[in-house]
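Chains as they are written, first to last, in our numbering: chain A, 1 to 119; chain B, 1 to 119; chain C, 1 to 98; chain D, 1 to 98; chain E, 1 to 130; chain F, 1 to 130.
No wet-lab data here; the hints were simulated from the structure.
Since the model is a prediction, treat every value here as computed from it, not as a measurement.
Please note that the accuracy of each hint is not assured.
As the list claims (entries may be wrong) - Some, not all, of what chain F presents toward chain D, calculated at C-beta under 8 angstroms:
1. PHE8
2. ALA71
3. LEU72
4. TYR95
5. ARG97
6. VAL98
7. PRO102
8. ASP130
Claimed, not checked - A short list of chain D residues far from chain F (calculated; beta carbon distances all over 12 angstroms):
9. ARG9
10. THR14
11. GLY24
12. GLY33
13. GLY42
14. GLU50
15. LEU58
16. ALA72
17. VAL85
18. LYS93
C-beta: ideal position from N, C-alpha, C; glycine also.
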Amino acid sequence: MTKSMLIVSRHAPWGGLSAREALDIALAGGAFELPVGLLFLDDGVFQLLPGQRPAAVEQKDLAANLQALPLFGVEDLYVCRQSLRLRGLDGQPLALSATPLEGPELADLFDRYDLVITL
Amino acid sequence: MTKSMLIVSRHAPWGGLSAREALDIALAGGAFELPVGLLFLDDGVFQLLPGQRPAAVEQKDLAANLQALPLFGVEDLYVCRQSLRLRGLDGQPLALSATPLEGPELADLFDRYDLVITL
Amino acid sequence: MTTLHLLSRSPFGTPLDSTLRLLGVRDGLLLCGDACHALQPGSAPLQLLEHLPDSVALHALAEDLEARNLMAPERVRVVDYPGFVELCTRYDKVNGWL
Amino acid sequence: MTTLHLLSRSPFGTPLDSTLRLLGVRDGLLLCGDACHALQPGSAPLQLLEHLPDSVALHALAEDLEARNLMAPERVRVVDYPGFVELCTRYDKVNGWL
Amino acid sequence: MKFAIALFSPPHAPSSRRALRFAEAVLAGGHEINRLFFYRDGVYNAADSIVTPQDESDLPAQWRAFVERHALDAVVCVAAALRRGVLDSREAQRYGRVAVVPTPPWELSGLGQLHEAAQSADRLVCFGGD
Amino acid sequence: MKFAIALFSPPHAPSSRRALRFAEAVLAGGHEINRLFFYRDGVYNAADSIVTPQDESDLPAQWRAFVERHALDAVVCVAAALRRGVLDSREAQRYGRVAVVPTPPWELSGLGQLHEAAQSADRLVCFGGD
């Protein structure tokens with residue numbers, strides 16, 4: 001029986017390798033046709049903001065990796081609404097469509113997956 | 001003219017190398033007979049608690065390094081009182097005598113030193 | 001499906017509340033490393049832990065309490081490594097908050 | 001003696017207030033890296049910054065704002081690397097909050 | 001039960017030792033470890049060039065002895081390892097560098113090995129942070 | 001003005017690149033750098049075994065080129081480097097390991113060099129964190 005995996009990405013995109021290395025786990029899971037979900041939590045929500053230009057700090061854009069998620073079969077994307085709200089981002093347009101969750105919906109999400117990896 | 005250096009140690013003693021590497025800078029400064037001060041701030045105040053037994057996690061005790069400070073001429077030890085208070089430690093006995101400072105006294109301390117290194 | 005959540009970072013350096021919000025009512029929490037400082041009497045993190053529903057089981061790794069000269073409050077079960085392994089078998093999955 | 005304080009970590013991951021408490025009235029602050037997220041409109045860190053005395057000069061590194069699509073509020077002076085170097089010469093010392 | 005254990009922290013982080021003591025207790029408790037996976041800064045645990053001060057625990061040596069003694073499957077993520085300078089002799093030759101991870105018992109491979117281990121284990125336990 | 005610059009973060013942290021761009025601007029502005037000091041995880045910037053993905057900035061190579069071009073004094077803290085596996089050929093020989101830091105332009109030395117640089121500089125600037 002194939003197990004589902006929830007990957008929780010908690011870090012902003014250009015402050016280190018964390019966001020990239022979480023995405024790599026998601027894409028690898030998708031490439032193996034595993035059921036993978038991705039939750040953007042805490043500073044991880046900054047990955048979803050449009051109009052970022054990481055070339056300004058000589059970093060590779062993650063946008064391509066994010067857009068590749070559905071191509072790799074990773075279609076279950078979630079974002080923590082409380083994390084958005086704390087950062088003044090609630091209601092802002094996001095570059096990627098992710099299901100906003102809050103309160104008990106988040107615990108329910110954890111509940112539905114067989115495995116969780118937080119980065 | 002010799003410059004004075006304030007070293008700000010902000011991390012708990014057994015959670016990584018930060019506390020040890022801050023102390024090493026202080027001891028090296030003392031060995032060169034430089035005027036060095038040490039401020040325990042934020043989680044750094046946990047370094048001052050008595051009765052710790054790092055052997056339980058197979059780590060070397062920092063107590064010897066802390067006790068060595070005056071021998072190396074590092075006698076100006078300070079602790080942030082607000083950091084103690086936030087951790088429920090205000091008024092607790094400390095293993096090392098450090099001058100408690102708070103509010104504008106901390107900005108004054110920074111002001112008095114020629115150099116600051118925060119770890 | 002129940003989750004055992006591992007916490008190892010200091011609760012004063014990284015906000016604890018955003019993690020605690022995600023706990024399910026039947027989940028468990030294991031404090032290790034600097035996360036054990038959350039048990040410091042009179043601190044805000046301890047208050048947050050005490051406000052968790054009774055159904056959430058709290059645990060702490062013995063060696064990390066001993067290293068830090070901390071006492072566990074009555075609600076917190078102290079475990080050694082065999083106990084840590086046993087906890088992992090009892091919950092359906094394990095999530096490490098890095 | 002005045003100090004230029006460098007901040008590079010996210011203000012949501014590590015508490016900003018304990019650092020801001022230590023600023024002298026004539027000190028300066030330079031936000032770089034993820035610390036620039038403190039300028040996010042409507043966020044708590046921005047409120048903390050706005051409550052600093054007017055005598056504390058606020059700066060942000062241009063490239064980090066651009067990378068994050070952030071606008072600096074009027075009070076914040078945006079600097080490039082030559083401006084960063086110039087700031088270091090203007091203050092008596094520089095303290096990096098790692 | 002079958003455990004997959006992942007480590008994301010370097011040997012000088014307490015979570016490296018914690019992961020090792022946990023792994024020892026897993027085997028001592030009659031359980032099985034189907035794979036150890038080293039990702040992010042965890043790849044440094046396989047670096048052969050680390051010199052630990054004599055009076056401190058030598059985690060890279062302890063990991064190596066543990067892996068060898070129990071003939072465990074110990075996989076180091078190759079992408080994470082390359083950018084951190086942890087190379088085996090094949091990668092070192094390819095890029096004209098020196099090898100700092102010995103081949104046996106360590107193996108450099110991809111993230112697929114993490115998923116495979118997680119799929120075939122009863123529990124995945126990740127160690128990281130401090 | 002004379003600058004002493006210390007770096008505490010590894011090449012894959014943004015503060016490594018920030019420190020380098022700052023150092024370049026210091027020289028471009030007609031100032032002087034009396035020493036670069038690499039401490040804590042900053043010692044990895046001198047590791048010769050790091051292989052950066054082709055489409056990313058290769059900070060260890062950029063640091064090396066910068067240090068060589070301007071003939072700078074670049075000191076790597078020996079205690080921090082040993083425990084992180086960053087060894088020059090002398091230390092590698094002493095401990096029976098492979099060298100992952102080339103001798104020129106890098107030099108392994110003690111924390112006294114940080115103090116000496118800070119004493120003789122007009123400004124000490126430390127880079128670390130993210």
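Which numbered hints fail: Failing hints, ascending: 2, 3, 4, 5, 6, 7, 9, 10, 12, 17 and 18.
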